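Q: Kindly generate the complete structure, drawing on both the sequences and the hints.
Those protein sequences? They're chains A and B, same order as listed. Here the first sequence is numbered in the working numbering, starting from 1 and rising by one per residue. Here the second sequence is numbered in the working numbering, starting from 1001 and rising by one per residue.
The hints are simulated quantities; they were obtained by calculation from the structure and are not laboratory data. Please read all numbers here as calculations on a predicted model, not as lab measurements. Note that the Cβ used here is the ideal one computed from N, Cα and C, for glycine as well. Warning: the hint list may mix true and false statements.
What the hints assert, rightly or not - Just a few of them, taken from the derived set where beta-carbon distance is under 10 Å, the chain A residues facing chain B:
id : residue
1  : LYS41
2  : SER238
3  : LEU422
4  : GLN431
What the hints assert, rightly or not - Non-contacting residues of chain A with respect to chain B, defined by C-beta distances greater than 12 Å in every case (computed):
id : residue
5  : ILE5
6  : HIS7
7  : PHE14
8  : ASP15
9  : ASN68
10 : SER173
11 : VAL206
12 : ASN447
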Amino acid sequence: MISNIKHLFDFFHFDALALIMTCLIVFLGLVITCFSNRYLKFDTHRKKFFLVLLCLIISTVGMVSADNIILFLIFHCFSNLALAVLMVHNPNWSAARNSGILAAKNLLLAPLFLLFAFSGLYLITQTTSIQEIMQSSVRSPYYLLCIGFVVLSAMVQSCIFPFHRWLMSSLNSPTPVSAVMHAGVINGGGFILIRFASLYINIPTVLTCIFLLGLGTALLGTLLKLIQHDVKRMLACSTIGQMGFMFMQCGLGLLPNAVVHLCFHGFFKAYLFLGHATLALDKERGQLGSVGFLGFLFSILFGILGSLCFAFASQNPWLSSDTTLIQNFIAGIFCTQLSLCLIKPSRIMSYFNILLLSCIVGYVYGFITYIFEGLLNSSGLMQPQALSGFHVLGIICLFVPWLIMRLPKIRDLGKLTFVQSLYVTLLNHSQPSPKTITAIRQNYQFN
Amino acid sequence: MKQFQHENIVTNVQSLSSVSFCGLIDKIEKSWECIAPFWRLENLIAINPLKGFEKMPYEKALVEGARLFQSKGLPKPMSDINRQTIKWCQVILDRGQATISAPMMQSNLYETWLKLIKFDKTLHQKNTTKMNWLQSLPNDPESAILVSLIQLNIPQKHWTEFLTLMLTTLSGWASYIQYLNDWDKDSDDPKKLSKSEYLAIRLVITYLLYPNALELLDWSEQSKNQSVINEDFFSQLEEREKEFSNVLLDKIVKKSEQIQKNISSTLPEAQFVFCIDVRSESVRRAIESVGTYQTFGMAGFFGVPITFNHTINQETRTCLPVLASAQGQVHETPVESKPSIYDRSKNLKSVYKRLKYNFATPFGLAESTGLFYAGLMAMKTLFPKLTSAISQKALPNPDHSEQVEMSLDHISLEDRINYAMSALRSIGLTKNFSSLVVFCGHNSTTDNNAFASSLQCGACGGNSGASNAQLIANILNQSEIRKALKGRGILIPKHTVFMGACHNTTTDEIKLYYDTHAKNKEIEKKIENIKRALLQVQEINARYRLAFLETKEGASKSKQLVKNNACDWAQIRPEWGLAKNAAFIIGPRTMTEQVDLEGRVFLHSYDFEQDEDNTILTSIMTAPMVVAFWINSQYFFSTFDNVAFGAGSKITKNITGRMGVMQGNASDLMHGLPLQSVFLNNHDAYHELLRLQVFVVAPLDKVKKVLHENPAISQLCLNGWIKLFCLDPNQNKRYILKRTGGWLLT
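A: Structure follows, in structure tokens:
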């Protein structure tokens, strides 16, 4: 009997990654369950909701800790299906039903791709243990194909271009379900990439592909987010952008940073979904006044110093020749924007205080990254790559749009036919799938 | 394949006589008559969703409303048309959600829209004839409507009907346009889409996607025959109303018999003036039960139609009923908080938004603040009260129930005298002043609630009534006002002090606003007494309400539970609001004192003996009674059909353009109250379907005179929207107004 139980444990593998993910899932699961307990107090479907939510939490924990490819697939399928069921919530409302079906179709594609990958890996390595597969040194010509399927699966799970559109049709679900989805299940793609990192971490071409896919999605997601007119779709598009960024980090070989992003973006987005009414009705618009050239220079300077502190705290060189440079750049642009907002229009703080704040923020940010690097160190997940032209392209692609947003007369750009046409194209691109829109009011159902 | 004869049509339009063009403009106006306005979320005002049918008999209006707003089975292509309309309405009517707004969409909205849709492949499907047609469309919306109507082959005699259908098949967005054009007081808004512009957009889309839209008229004809409302509905409604009024009248009559036995003549310790709101009823009962306090009811803006300008956050609030117009502006400054504190929270929010709504920076924002949000999320969910206390300390937000200082210089002396006079006269408080008179406005505090303003004071335009209460008290404390009032026959004793207060309807806390520096021992002692009494009141009323809220009853914990409701971000139903409202009593409080009216009755104090020329009764019946009727009908119809007239469930709501609610991915703008405001769960209604029954305690002749002089009001009663009773104290008889116009003794 005892040996049987011991045998059962052989199918699981609790490493640092699994532990971090389990903590994340359990924490979010508890908070969202607590929240929903009041939020859905008067809802008829609440029993079903809590039951499926529990299944979702258990199967997700199972997935992140499984060491057996079959178990992994089963848990993966199960948690994705549970999410689709949660999304429908009220099956009598046809739009919700349709978005559930659409989600299920997409979400089942991820385990399907993984099935292909696992079958191949099993044939190559003759083992069902994920750890053994990772450590195996057997190589075969089909190996790259398997990696391709793993990446595809991660892309579908995390709504990476071109699999991102269904996410914008997913908002018929109750608010807590959106929180679960954006904080938890969608992050599964990042987890897959990190879990199976040792398959591809030494193949620069794969990394570059992941980086570019991530970069494109990050840009597209952010752009879509900025043109949305309702709060939930804005949050959904924002998730697309953030998932893209997480892919970029994976592609840079900075997997601990991707774990940081996965967890913290999860918290961030869950909070925003749960509190979306406050968010949507807040009167503060956050419009940026002009800071002048000198102010701009100063904020860039403070940003650079902030980024230095970030590099110092995360114990990476600042002007490094590897991909940690991009993470430093992200910290730098964040600190620059922070300083820029504080310098003007009302001169909230003195220049010295802004400088200090920028440095502190940079340091804290770097320190958090450092801790996660330390936690995941033994897994060999920190593999910064040598900088290439693609990476420089990435930096430019992140920097230029930010700079354009600073242009003083940005509104005049709207007079260009090209901009108008682009706007309408993006607007149409971000429309939910027709069947998931409640176009006829009488078709809405609450029970 | 339909022929697109656009060139001919356009020349035809130009050569069309101005007579027929004028005819179209009238028809456009007429088509909008059936649409009731819908206010933005920041101040949701209750209104009858069938406002356009108030001139019809009630039964007919409901049938007509069912045909236009509740009919199912719309022709399929209407889904596409609605989807496109929703998409563009979201774009055009956005009030700041999108960081990058549509190109050039700052003014000339329809014209800009025409320019943009040339790029919209989902509209013209790259069909060259359609694209040419778009190219040839005139820039003024009326001509575009004309062109579209002609091209759709709508017979001229059906134009009004067709335009009406264009509006009612997407009634929520149309309601918002109605509000923007006819009710929004901010007339300079450049983003005001006119009624014709909206119709033009709708028709152009219809023409592009559904050239056979003529079928819509057949659909409408068919839906006339299938009645949604069954015959029993009205008879059952009558029965329920009769039962309710019988019970109510019984209670009141029993009470008035008691009064005649023991009339006390001692002065009360303090007098409280509350809003007519049904939530005031149980509080007043509680106050009266804890001491010798007298209470009055009047519209919660206390007769001061003023715009308040918060000197610190520069916010302007129009605190008056939508039927009135602002007559003055007052600057208010919070007594306790310093400006710098508000600045801090404002700046922090603004920095956060600029980091979030940007390129490249949101990634860093999520990573560097994620841990903080994890903590905040857990704290807010597990310890809502503690978290809200901490955050209010760290980053205070003005909640508009604070004590404020205000300068009255901007209101002329004459106006102030008038406000003071009419406030006191309207409730019959012109003599026997006690040493403390408290004007008690009300507000509601809820967290993360899109419908928060629907719980605020309706008489203050969906705002808190605290400032109005403080203002009227300040006015009445001025010596020059007292002097002037004396000259007009209202003698206020020198020792009488007026005071503002605010009743929080979520927590039942009542804040008193008084000058702490004033050294008047006697008053100070009285205030202390009242404060103690109010704590008791909070306990009593919180327990009373919690029973209805279906919260776990903890007799000793009721105060804590309601406080939790007020700051819990997961709380979907922080209070019941005005649900179950059913009647309006215009008369002295002595008739209803100590009677348990179950928080279902609006109470307006009225003493007919002080109203010789009928002006007070007229103003009560034309303003507060109409507001009460609107509130009643909003609750009625949101319960009657929460899909057609309500906002649906809060758990799947989505907020668009910072102004309104949609369901899920996208939908019609959901006007009305959410499910959770009127339903116990997804199946059982909490609010009871009852029309407003108004009981006026006055001689029959006076009521008749008011009706005679105000045809709009008598029309509402005769059409059956309101049931009017007259309790004649002189003859000690009760009458009910028949639909035919006569008065029936009951």
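Q: All hints, please: hold or fail.
A: Hint by hint, here is what the structure shows:
1. LYS41: holds, 7 Å
2. SER238: holds, 7 Å
3. LEU422: LEU422(A) check passes; min Cβ-Cβ to chain B is 9 Å, inside 10 Å.
4. GLN431: holds, 6 Å
5. ILE5: holds, 33 Å
6. HIS7: holds, 36 Å
7. PHE14: Holds, since 22 Å exceeds 12 Å.
8. ASP15: Answer for ASP15(A): holds, closest chain B Cβ roughly 22 Å.
9. ASN68: holds, 31 Å
10. SER173: The claim breaks: SER173(A) does not keep its Cβ more than 12 Å from every Cβ of chain B (closest is about 7 Å).
11. VAL206: holds, 22 Å
12. ASN447: violated, 4 Å
Figure legend: structure checked against the earlier numbered hints; hints not met, in rising order: 10 and 12.
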